[in-house]
Amino acid sequence: MLYVVIVFLWTAILLYLLLGGADFGAGIIEFFTSRKNRGRTRRTMYQAIGPVWEANHMWLIITIVILFVGFPSIYATMSVYLHIPLTAMLLGIIARGTAFVFRHYDAVKDDMQKLYNRIFIYSSVITPLFLGIIAASTVSRQIDLQAQDFLSAYVFSWLNGFSVAVGLFTVCICGFLAAVFIIGETDSEADRQFFTRKAKWMIISAVLCGVLVFTASYIENIPLVDWVFGKPAGILAITAASLSLPFLWYGLTHGKAIIIRLLAGFQVCMILFAATYRHFPNIVLLKHGGYLSLIEHQGQEKTIEALAWALLIGSIFILPALFYLLYSFEKKKPGEA
Amino acid sequence: MDDFFAARSQMALSLGFHIIFACIGMVMPFFMAVAHYKWLRTGNEVYRNLTKAWSKGVAIFFATGAVSGTVLSFELGLLWPVFMEHAGPIFGMPFSLEGTAFFIEAIALGFFLYGWNRFNAWFHWFTGVVVGISGLVSGILVVAANAWMNSPAGFDYVNGEYLNIDPIKAMFNDAWFSQALHMSIAAFVATGFAVAGIHALMMLKGKNVAFHAKAFRIAAAFGAVAAILQPISGDISAKDVARRQPAKLAAMEAHFHTEEKAPLIIGGIPDMQEKKVNYAIKIPGGLSFLAHGDFNAEVTGLDKIPEENQPPVAVTHYAFQIMVGLGVVMMIIALLYFLALWKKKQWLQKRWLLRLFVIATPMGFIAIEAGWTVTEVGRQPWIINGIMRTADAVTPMPGIVYSFYIFTAVYLSLSFIVAFLLYRQIRMVGKLYDHSSEPSKAI
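One line per chain: the protein sequences are E and B, in this order.
Numbered by the working numbering, the letters in the first sequence go through residues 1 to 337 in order.
Numbered by the working numbering, the letters in the second sequence go through residues 338 to 780 in order.
In isolation and in its complexed conformation, chain B is listed as follows:
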């Protein structure tokens, strides 16, 4: 492994690790706020205990997200100093605002976690809501900074110099809205399905069913609504990418040849030598329609992109397929769930519906990782699209491979410990949070 690849891998690892904790940290507060609200309104203790149980999880995830985020703010410079030297003053605006949002989140979390029985009950509830809102704002700002790398704006690039910097224009670049929307909804889908899946599993096992059923309903509602909205935001993103980054779209779809009535390619194995995709399902005109809203439109293929500016096709294509595929599966589960809620109440008592949610537990997060792979790998070889190459941005320090190994070891052990802690939390629900001790009955 050479140092450049090691630097890219370390960055990918750090982002991939952080994103999971960041999503949970920004979405769970909303679930808690609902449970907390129900406790304050109904006085049903199960809701209070549920809020407390979830807040323990959130404290663990938030802290892990906060430290891995701190690491990232340094890693940008440690791994990509040339990039930061030029990009920092241009796309730094969302980061400076994010500092505020994140600070408020940490303060509000202090109030929320340690504020039980200390403050007015509604003030305490409100601090929980502030954690969620400021977390969401943080997420949107950071994504806006990433969007700038895809869609650089707010400066003039003249003879290798970055002139006339306008940080506000840079923040509101062309890609910020579609990316931020897609990511925010994705966070709700992933966290909603993950949490609902875990509680569904506990219901199937017949443990503390009343407690887990309430938790399941809140998480599933958020996840299901978001899963149904996500395809709409995906469509906005696809049209946006087609317009701004034709090379990325071509890689996502393994679309080798520029053509009108371009087919939508589902699955398949891209053959780089022959420039074709084997074993794929092709929907005629599908890609033209999705990218440009017209079945006959011309879609730029990789043949129009100079070879040295092409992103890796196979990785981008597979990642895109995984993301879309999982998104569709979750959308179908969400539709079934709403059908059950409104028309087929008897389904809610069926084990198969819960089983579906259990199976879907990791899907949202796998889709998020795949989606970020599409965004980041699909932008290669650029770190600033069309302006600076990733290879030119990397640190001159040799031996990054070792740094990569160390961080891999650290993040792997942290993942194990967090999973272990979560397992223990869930196992202790009966003892700590659910005293109703109803006779355990499985659904």
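The following block holds chain E by itself, in its conformation from the complex:
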């Protein structure tokens, strides 16, 4: 049953990265859009993500619940040592969710819209930045359980070049996912070209940030190259992701919406796989060689069993409804919000 829980944990993280990421990306694209095009971006994005955005963010809740029920000491350690970036991420989530809803449900459209937009755009960038920083910090070996002073316990645990580089990389991935998703939702040729350009820019930025991540890991003595390429599975995953890149580019240029979505999802899946499989079952690497493991630090057997059943039964309810939701709003029919 432990492996059922672990599969759910990994899947929830992946789906949050894909769906929640595309959702954050909507704001990131708006961030990188010139003022005169922002209105258009906003409308297209809203039609696409309006009905599904709240469901997309549920994956974060599922992730956190699995952690604190099934692996409480991992959750507790992360909560203590990554308190500051977690708080920053939470503030981002509050700001973004409320600004998104306020700007669409304010009965009067006036200058307040500018305020909502600004908050939405900035928090859309900041939140995934910190999500990336938190993810990177779990493996950057900077969490020091013996730390005596404030800075090394609560600040340098997450503030380092590698974590920040991964944060930026995450932002690019989110923007890329959003652009790819939105291409299939556009009505006009002009819009399609516009978002295709955005998607290409985001790919280029993601690749550049990827280089930055490897550079930072080299400087900070994190054996990222070995993690990713040390075993055949990792090489395979990264090769597959890289090989699919030209196809993706082709798909973008020729407007094959379904193919590019699948390829984009595949690439993110491969990146997450390559980043996590090598330490498995360790999920948090600590300073001085310690680690937190999904196997050694699991909860008691009965808890894991109950959690697994709750997740399995839950997914019987959730998945069909979720697919129907995503499917229904794919078919474009006139509706009102």
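Quick caveat, the hints were computed from the structure, so don't treat them as lab data.
Just to be clear, a hint being listed does not mean it is correct.
[As the list claims (entries may be wrong)] Listed below are the simulated DMTMM-like cross-link pairs for lysine to aspartate or glutamate, each with C-alpha atoms no more than 25 Å apart in a straight line:
#1 B:Lys768 with E:Glu305
#2 B:Lys389 with E:Asp106
#3 B:Lys506 with E:Glu305
#4 B:Lys768 with E:Asp111
#5 B:Lys506 with E:Glu301
#6 B:Lys768 with E:Asp110
#7 B:Lys389 with E:Asp110
#8 B:Lys544 with E:Asp106
#9 B:Lys542 with E:Glu301
#10 E:Lys302 with B:Glu498
Let chain E serve as the given structure and place chain B on it in line with the hints.
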């Protein structure tokens, strides 16, 4: 302010903020379902517009509730890591189920808000009902987790270790039913009275009276029925607390000395030095009867509780008085309203009845905040009753005070914006939702 107090304040602030949005998010869907049903049955457009107007409000409240709930799931660990490390695997079951319920709620809300004219009308209606039911289930599950902190179950506590964990037993702890019942009804009372009060105000102002009257009738009916049921559930809760947490009951009642025929103390100012309550109304034997169903029963007082295990008396006592007092006022208004509906139809045309509802607008939510103060402060100094002290559960990270200031600023600004948005929604009713343009006549 020290870090421990800051952590407690931040938690209280976050819960106090979230609870308002959670209540509205789980009750309003039922109001909408009624209005929506009437629109589908009668074809009266006012009902369709009312459903749409309310759904705008619900979207705002639901999103705010969802993000503040997400924050809470992290804050449990950020502020109380020691507690979560031990309690997570025991009382996590309702949270894992709540994840499902909440997910379904979000999906159903997507269908409902964006589904006008896209789906079969009754399927669309049904998704609205699902929002309400899954919201209610979420609420019950979260309260069951809180109940476990009051009434820990499903594990053996041996030499500081938590052994033989049984998550199902933990979920169905002794307190879950009484707490969940009391909270669910409270959500209906508070939301019913708040919504009815706002629409009553608009009727008094003579604006879009036909529209607001329909809205008022639906909300007032829900609120009034719940307000009449609430004392019964309150009695179940009181007897339950008396049995499980005598210290909490003693603090609620400022009951200092263990005695038979204990009086019910209404109001008053507890004097901690002299161990007595000044200026209170005392009903002889009242407390014995309410706590144990017998006017002569002995009720444990604070003198039987070691000082270091006593909750803060004054805060708990005042909060309890506020909750009960407001509950009684709302029950009386509810009884008057039903009297008007059945026997005194002419009252329905009177301004005083509407005025009563306007005055009662915030009462339900104040009562909920007060009730949670009783539950949480009354459990102190424990975070897990009798097992773990709150002070031992707090994060080692210094500087929580700043985090508290930041969250206070954020929640205050959000409250202002939500109130501002609501004000704008209501002001725009005439333009957006009510085209009947009847000559405005005040009642």
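Hint check results:
1. B:Lys768 with E:Glu305: With Cα atoms ~55 Å apart, lysine 768 of chain B and glutamate 305 of chain E exceed 25 Å; violated.
2. B:Lys389 with E:Asp106: holds (14 Å)
3. B:Lys506 with E:Glu305: At roughly 14 Å apart (the allowed maximum being 25 Å), glutamate 305 of chain E and lysine 506 of chain B satisfy the hint.
4. B:Lys768 with E:Asp111: holds (20 Å)
5. B:Lys506 with E:Glu301: Given pair lysine 506 of chain B, glutamate 301 of chain E holds - Cα atoms ~15 Å apart, limit 25 Å.
6. B:Lys768 with E:Asp110: holds (16 Å)
7. B:Lys389 with E:Asp110: holds (21 Å)
8. B:Lys544 with E:Asp106: holds (20 Å)
9. B:Lys542 with E:Glu301: violated (62 Å)
10. E:Lys302 with B:Glu498: holds (16 Å)
The structure is inconsistent with the numbered hints 1 and 9, although it conforms to all the rest.
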